[in-house]
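Enquirer: Kindly produce the complete structure, drawing on both the sequences and the hints.
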Amino acid sequence: MSWARRRELPLFLSAILGIMAFADYFFDIPVLHSVVSDLQVWIIILAAFAMFMGVINLTIVHGRVVMREKDIIRRGLSAWTLFLMYLMAILGLLPPITAHPSFRWLYSTTVAALDPTVYSILAFYITSASYRAFRARNIETMIFLIAGIIVILYNAPIGGYLHPGIVTLGSWAMNVPIVAGQRAIMVGAAIGALALAIRTFTGRESAWLRAGGGG
Amino acid sequence: MFVPGRISQFVIFLVLCFFMLSALWLSKRKPIFKLRKIAPLDAIEEVVGRCAEMGRPLLMVPGIEGITAQTLAGLTVVNYATSLAARYDVEPIMLVAVQDVYPLALENVRLAFQAEGKADKFRPEMVRFVYSQFPMATTAMGIINRQRVAGTVMVGGFYAETLMILENAYRAGAVQVGGTANYHNIPFFVAVCDYALIGEEIFAASAYLSKDPEQIGTIVGEDFGRLFLALLAFIGAILATLGATYGKWFINLLSI
Amino acid sequence: MDFAEFASLVSGLIAAALTLMIYSLLYRENILYRIAEHTFVGIYAGYGVAYAVKNIMDQGVSRISAGNYWFIIPMILGVMLFTRFTVKQAWISRYSMAVMVGVGTGVSVRALIEAQIVRQIKASVISLYGGPFTVIDNLIIVFGFICAFLYFFFTDISALRRPMSYIAKAGRYVLMFTFGGAFGGTVLSRMTLFAGRMQYLLSYPAYYMIPVFVAIICAMIYYDLRKKKE
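Protein sequences appear in the order of chains U, A and Z. Under the working numbering, residue 201 is the last one in the first sequence; the count climbs by one each step, no gaps. Under the working numbering, residue 952 is the last one in the second sequence; the count climbs by one each step, no gaps. Under the working numbering, residue 255 is the last one in the third sequence; the count climbs by one each step, no gaps.
No lab work stands behind these hints, which were simulated from the structure alone. There may be inaccurate statements among the hints.
With a straight-line Cα cutoff of 27 angstroms, these simulated BS3-like cross-link-like pairs (lysine-lysine) come out [claimed, not checked]:
hint : chain 1 : residue 1 : chain 2 : residue 2
1    : A       : Lys817    : U       : Lys56
2    : A       : Lys730    : A       : Lys944
3    : A       : Lys726    : A       : Lys907
4    : A       : Lys944    : A       : Lys733
5    : A       : Lys730    : Z       : Lys113
6    : Z       : Lys194    : Z       : Lys147
7    : A       : Lys814    : A       : Lys724
8    : Z       : Lys147    : U       : Lys56
9    : Z       : Lys194    : A       : Lys907
10   : Z       : Lys113    : A       : Lys814
11   : Z       : Lys113    : A       : Lys817
12   : A       : Lys733    : Z       : Lys194
13   : A       : Lys724    : A       : Lys944
14   : A       : Lys944    : Z       : Lys147
15   : Z       : Lys253    : U       : Lys56
Far from chain Z by the CB rule (all over 12 angstroms, computed), these chain U residues [claimed, not checked]:
hint : residue
16   : Asp14
17   : Pro16
18   : Met53
19   : Lys56
20   : Leu131
21   : Gln168
22   : Ile177
No residue lacks a Cβ here, since even glycine has one placed at the ideal position from N, Cα and C.
Expert: Here you go:
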């Protein structure tokens, strides 16, 4: 079985599958289309198995804290995490899967409250980040500041009241220079990603397959 | 045989692939060109060095996307940072929010330790799986504040969690290197990070860091592809200036 | 009060408490934040497990039982992933990862060709002739794009160093303007999110938690000040 251990084989497999995905995009071949859409379902199944790997990791990380840690608070919090994880998983598996009322109740009590809260905390961080970002230190930060202020005023209802020109200026900024920059980022990211795909499929990029730092 | 409307896309794809693959092939022996300096990538050593100096951990996040090009680019950078962390005996903490990425991330960190001859020091807890975007951000904020992280390396596909992690790390006095190709979140890296990778610079990381001639070849090929696309846009604008019919013809040509 | 009403009251109070516990980080990292953090992580992980089982059942088991035996392969590949935790058999998991990387990269990158390359080039096909304002705007769009795009030119060609530096500088200005705009565009939407959360905290039964929370934060500040004095 030493041949199976070789790194080239999985690399070859990933390249073949990647090329199939590209070929399916360009060519109208029904067999290929059904194979690639099945492969996308494979990925969903593999991701589901990977979720269990993640659970093992969480159990190891928090289990070690529970077993070895001296600080009672840290032990308690790790035990609490494990308890909730397994409780939620068990409630989720009660029939009907992921739709049991207790599972839904726990979800709406915790996740439904925490998700928007964590998201909203950004209001504070964006304020402190603005303070630093909008300090004009050189010509580049000056440009950043000007564009930022124009767009903030354009988006805020008060902008139009202050001066009608703000709306015109804001709309110009959004539709002219910002479009140009946005387009450059998008096209650049696409060819960068394509180059990365080529390196991955030719075995030059895959850090996950090659031992060795720096690439 | 072709999916309607994708012949022109296929031709552009072939031209780009031709540039990249031929440059890769031409660089097999020695690089045909050098790459310009990408300061944020050079700064990773400084970030890890600072963690070593202060005896504090290094936090790394390869984005919150599944297995996409950005995540792979992030993992490459993280692999490099982990190698340095292993070399300087810095504790790496890597947070992974997507289950597909977790096995790759684990392998990545393990290989980095192995390459540094410190396989015995690798522990699976170095890669922490925290399912989903906001729980990962909450954990990151907690870790940064509790363990006073001295450096962060965040490269990959980032969204709303970007600023939460960056701002907390800034307050904790961490040196930060980060970047994404997600247009809406690049400004946060530019504003908060000490060293920000902008857009596609994240994809060039592996070639730049490895200094491998073949990898650099693909970047040179990418640059020729860039000139080709810029020329295409320029020709399109000139044709549209010459007359609306020419412009329309060019758009139709790209829609074949 | 019947059971459903009671359950909804308890749910509302816990949700409000968790909301305020997360906000307590803005003062400093503390035990309340840690409880909310660990709750969030635990619940979400369990939630993920339940959905992972559902996906395996719906996407894998049900197809196999319908006679589509081709789906046994991803199930085997999924089990192979776990060899990653061993030392000697870890290589087996590389095959599963190869499938994930191959399909994942292929599918994600192929979508960029149309949306991020061809469509953007098509949008640059605009006339540089017309009224003075149109000409200036269109010149900025076309040449702004080209300069910002060439800013990323990585190859260091000594003969081109000088002209490229001018183009890159112009490109960087365009990019900084774009980033400033994107930053500004996000500020107000984040404020709106926060306002929404405040409205929630001021509704029934969440507002019961506010005095409790204020008392705890005051106690925390008092404790911190005393500790500082000592």
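Enquirer: What are the numbers of the hints that this structure violates, sorted from low to high?
Expert: Numbers 2, 4, 5, 7, 8, 13, 20, 21, 22, in rising order.
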